[in-house]
Amino acid sequence: MLEVDGLTVAYGRVEALREATLSVGEGELVAVVGPNGAGKSTLLNTVAGRHRPRAGAVAFDGRDIVGAAPERIVGFGLALVPEGRHIFETLSVAENLRLGRMAGRGRTSAEDVRELVARRFPVLERYADTPAGRLSGGEQQQLAIARAMAAKPRMLMLDEPSLGLAPLMVDAVFELVVQLHAEGTSILLVEQNARRAVSLADRSYVLRSGRIVREGRREELLEDFEQMTSAYMGGG
Amino acid sequence: MEDAIQLLVDAVSVGAQYALLALGIALLFGIMNLINFAYGELLMIGGYALVVLAGMWAPLMVLVSIAIVVVAALLMDRIAFKPVRRADATTLLVTSFALSYLLQNVAIMIFGSLPETTGAGSGLARSIDIAGVVVSRLDLVLIAVAGALIVALVLIVKRTALGIQMRAAAEDFEMARLIGVNADRIIAVGFAMSGLLAGVAGYFLVAQTGSVSPTFGVSAVLIAFIATIVGGLGSLRGAVLAGFALGFITIAFQELLPAGLVPYRDAFVFAVVLLTLVLRPQGLIPQTARAARV
Amino acid sequence: MPRQAPSALPLAAIVVVVALVAGSLSRSSQLDVTTGLVQMCIVIGLYSFVGVTGVFSFGHIGFAAVGAYVAGVLAVPVTQKELLYAELPGWLSNVELDPLVAVLAGALAAGVVAALLAPAFGRVSGLSAALATFAMLVIVYVIARNYEPLTRGTKGMLGVPRETTLWVAAVWAIVFVVVVDLYQNSRIGLQLRAAREDDVAAGAMGARVGVLRGGALILSGLLVGLAGGVYGQLLGSFNPDVFYLDLTFLTLAMLVVGGINSLTGAVIGTLVLTFLAQWLRDLEGALDRPGLTEVCFAILMFAILVLRPSGITGGRELRLRLPRRRRRQETPPPVAEVRPNSRT
Numbered sequence: 001m002l003e004v005d006g007l008t009v010a011y012g013r014v015e016a017l018r019e020a021t022l023s024v025g026e027g028e029l030v031a032v033v034g035p036n037g038a039g040k041s042t043l044l045n046t047v048a049g050r051h052r053p054r055a056g057a058v059a060f061d062g063r064d065i066v067g068a069a070p071e072r073i074v075g076f077g078l079a080l081v082p083e084g085r086h087i088f089e090t091l092s093v094a095e096n097l098r099l100g101r102m103a104g105r106g107r108t109s110a111e112d113v114r115e116l117v118a119r120r121f122p123v124l125e126r127y128a129d130t131p132a133g134r135l136s137g138g139e140q141q142q143l144a145i146a147r148a149m150a151a152k153p154r155m156l157m158l159d160e161p162s163l164g165l166a167p168l169m170v171d172a173v174f175e176l177v178v179q180l181h182a183e184g185t186s187i188l189l190v191e192q193n194a195r196r197a198v199s200l201a202d203r204s205y206v207l208r209s210g211r212i213v214r215e216g217r218r219e220e221l222l223e224d225f226e227q228m229t230s231a232y233m234g235g236g
Numbered sequence: 237m238e239d240a241i242q243l244l245v246d247a248v249s250v251g252a253q254y255a256l257l258a259l260g261i262a263l264l265f266g267i268m269n270l271i272n273f274a275y276g277e278l279l280m281i282g283g284y285a286l287v288v289l290a291g292m293w294a295p296l297m298v299l300v301s302i303a304i305v306v307v308a309a310l311l312m313d314r315i316a317f318k319p320v321r322r323a324d325a326t327t328l329l330v331t332s333f334a335l336s337y338l339l340q341n342v343a344i345m346i347f348g349s350l351p352e353t354t355g356a357g358s359g360l361a362r363s364i365d366i367a368g369v370v371v372s373r374l375d376l377v378l379i380a381v382a383g384a385l386i387v388a389l390v391l392i393v394k395r396t397a398l399g400i401q402m403r404a405a406a407e408d409f410e411m412a413r414l415i416g417v418n419a420d421r422i423i424a425v426g427f428a429m430s431g432l433l434a435g436v437a438g439y440f441l442v443a444q445t446g447s448v449s450p451t452f453g454v455s456a457v458l459i460a461f462i463a464t465i466v467g468g469l470g471s472l473r474g475a476v477l478a479g480f481a482l483g484f485i486t487i488a489f490q491e492l493l494p495a496g497l498v499p500y501r502d503a504f505v506f507a508v509v510l511l512t513l514v515l516r517p518q519g520l521i522p523q524t525a526r527a528a529r530v
Numbered sequence: 531m532p533r534q535a536p537s538a539l540p541l542a543a544i545v546v547v548v549a550l551v552a553g554s555l556s557r558s559s560q561l562d563v564t565t566g567l568v569q570m571c572i573v574i575g576l577y578s579f580v581g582v583t584g585v586f587s588f589g590h591i592g593f594a595a596v597g598a599y600v601a602g603v604l605a606v607p608v609t610q611k612e613l614l615y616a617e618l619p620g621w622l623s624n625v626e627l628d629p630l631v632a633v634l635a636g637a638l639a640a641g642v643v644a645a646l647l648a649p650a651f652g653r654v655s656g657l658s659a660a661l662a663t664f665a666m667l668v669i670v671y672v673i674a675r676n677y678e679p680l681t682r683g684t685k686g687m688l689g690v691p692r693e694t695t696l697w698v699a700a701v702w703a704i705v706f707v708v709v710v711d712l713y714q715n716s717r718i719g720l721q722l723r724a725a726r727e728d729d730v731a732a733g734a735m736g737a738r739v740g741v742l743r744g745g746a747l748i749l750s751g752l753l754v755g756l757a758g759g760v761y762g763q764l765l766g767s768f769n770p771d772v773f774y775l776d777l778t779f780l781t782l783a784m785l786v787v788g789g790i791n792s793l794t795g796a797v798i799g800t801l802v803l804t805f806l807a808q809w810l811r812d813l814e815g816a817l818d819r820p821g822l823t824e825v826c827f828a829i830l831m832f833a834i835l836v837l838r839p840s841g842i843t844g845g846r847e848l849r850l851r852l853p854r855r856r857r858r859q860e861t862p863p864p865v866a867e868v869r870p871n872s873r874t
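Residue numbers (my numbering), protein chains in the order written: chain A, 1 to 236; chain B, 237 to 530; chain C, 531 to 874.
Because the hints were derived from the structure by calculation, they are not lab data.
Wrong hints could be hidden among the right ones.
Restraint ranges, calculated between C-beta atoms of paired labels, are given here [claimed, not checked]:
| no. | chain 1 | residue 1 | chain 2 | residue 2 | range |
| --- | --- | --- | --- | --- | --- |
| 1 | C | R717 | A | G37 | 32 to 38 Å |
| 2 | C | R738 | A | R63 | 35 to 41 Å |
| 3 | C | D728 | A | D61 | 22 to 28 Å |
| 4 | A | G133 | B | T327 | 28 to 34 Å |
Just so you know, even glycine gets a beta-carbon here, dropped at the ideal spot from N, CA and C.
Can you build the whole structure from these sequences, using the hints too?
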């Protein structure tokens, strides 16, 4: 579904991502883990169209999306929930969700979104008219995911969804990821919380200093998790 | 009593004019951090359009001139601002300053630097007598049109899908794009609205002064700056309120200030602007919670 | 930032060459070059704030106005004062300073105005600062238009001794080049430039940045005020509009075209626009299209902003002798390939 091939991204002279190659299959949950500064966010942001890569190809559903504007890419059904949530604080919760639905260009109706919220994001229901800035961190993260899901994307990219949340909220967010995956959404998850992400994902990639240094299925990676930990702890 | 009412009408009319001007600036700042010096030249383009179109049936002439200004605003976006869109706010400001200067001098090349007189708006020049209070038709029309425009704009921004996209873009442009807001389109909409406001404000300005010159828009844009800054950069509500407040203050100064000090009014007002920028960059008008921008 | 060879020498040499060449030209060309050199002083003064601190200013022409008016009124001969400046306060109507002393007094007055504003500009940067400087320009303009006893308002100043010859202008330009080059390579200048390039450095310096920035404003106010006085003594008569939007645009265009982040840029930009103006004015006359020169300048400035924001010089300085290894100053990339705030 998503094919990233030899992606290199540079900030000025510093290469943040070097020849990264990875793929996410239909309905798959794939995690990318690695230490801070490894290039995880760069990867997602580039796929989402926020950066132009120096080299490499990105195909979504067989369509080349390198150089396409972010708003076009989300229109193709590939949504990014960026690090730090970035909900629209001055807009109400309902308006945030309405924006998300607009990105789907008619794929979802208002009724669909209401149902989605009732089923997966019940906390948000009673806050419809509240400015989103008044929600708690965990609620904001849920809103950010709900906003992306309101367009019924074919694939969801999550950038550090657990960052800065209370432990209880972290559980809730990961639970949500599992549910969305179970319902058939393809997910590319970037996390610093490596052990947890790897144990949820079908497959995982380990990114270090801009390079993918390891790839494997859940069992393989969990098995030699100790070695992997040392591999990436040694880096950074 | 009649005098007081007359003054009040004056103040509201001046305030409505200023509010229109300020809204045009605040709108674009909200969406793309642009303080558009060249907004004044949109007024000027509208003015010259009225000069060129002289002889046409008046209502049609006004509509055509406004349409021309809207198109000019869209061209401004495409040609001048799109290439620097990702630059910082200061670069945008410098670009708009250069653009403003460019357009003024293009006007000099075409029309010369002397003012052109026009009879546009003379149909509104007559005064009418309402129960002993003499008010100009121009003032009444201005108040009605500006009021309607402001209300329409507020409704669009608060209620419509487009308005939600505009507010989202104003708060976090990058994120708005990630959620599917088309950057080109939303900025074009902002420029079109700004152009509409400039077209209308430009018409009333011409109707009041009866002439257009290449620097026609400069003093108007200065007033718009004051209102947008004092109202809090990017706040539409603040811009409107500050516009009206400025209208009232202008009339009050005219009536109350000793004759010797009136010329310094602008110096005083700009001193307030300077202090606002330094001490209270969020503006002097209190904002409701966090939900006040755009 | 490494110690750098002074660029004052080659730049001063350029000024001398320009003046020598101009000396052999027609009277009117000589006058144009003289004007260009005085404007160079203004642009260098502007650079000493904008270039060194990275805070944009639309207001420095206000300092030039203060300098020009104060220097002018102090130097007008007493005999003419009775006639032209009847409303002048008594003590001023009997003052007639040597033109050079008057220019220095004008610089001082502009410096005082800058000092009054310095605490404010230490606090703000970016857009707010740029707009505040613009407000300052309008304030000075309004006062100049209306305080008729001193400025004669829109009737304009008359009877200012015309002391600024080609070589006077050239000498001032050299003085400005040397002073600003020493300043930008001084400890304070280097700290300010480091803070300009790097928010982390600025943060580490904390409130000191504000103090230094205020100091930079005062120095630049003195310099631009001085240049304004020299300009007034070139024109002999002028009104408030001389020191308003047109000159603001012209000097900004010179700085932007040359390169906003280097002293060489200020010098080169001024020369390029001065020579372009020569040629464009002729064309303008032939086509009978006033405004053409300004239109071309605006287009040039816009093209630079889009295609090469660091200007002709690219932020580099001209150096006579390079010590051992060439150390090029980093210039910010035109449009960063990626947004630095969204790194992993």
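Hint numbers contradicted by this structure: 2 and 3
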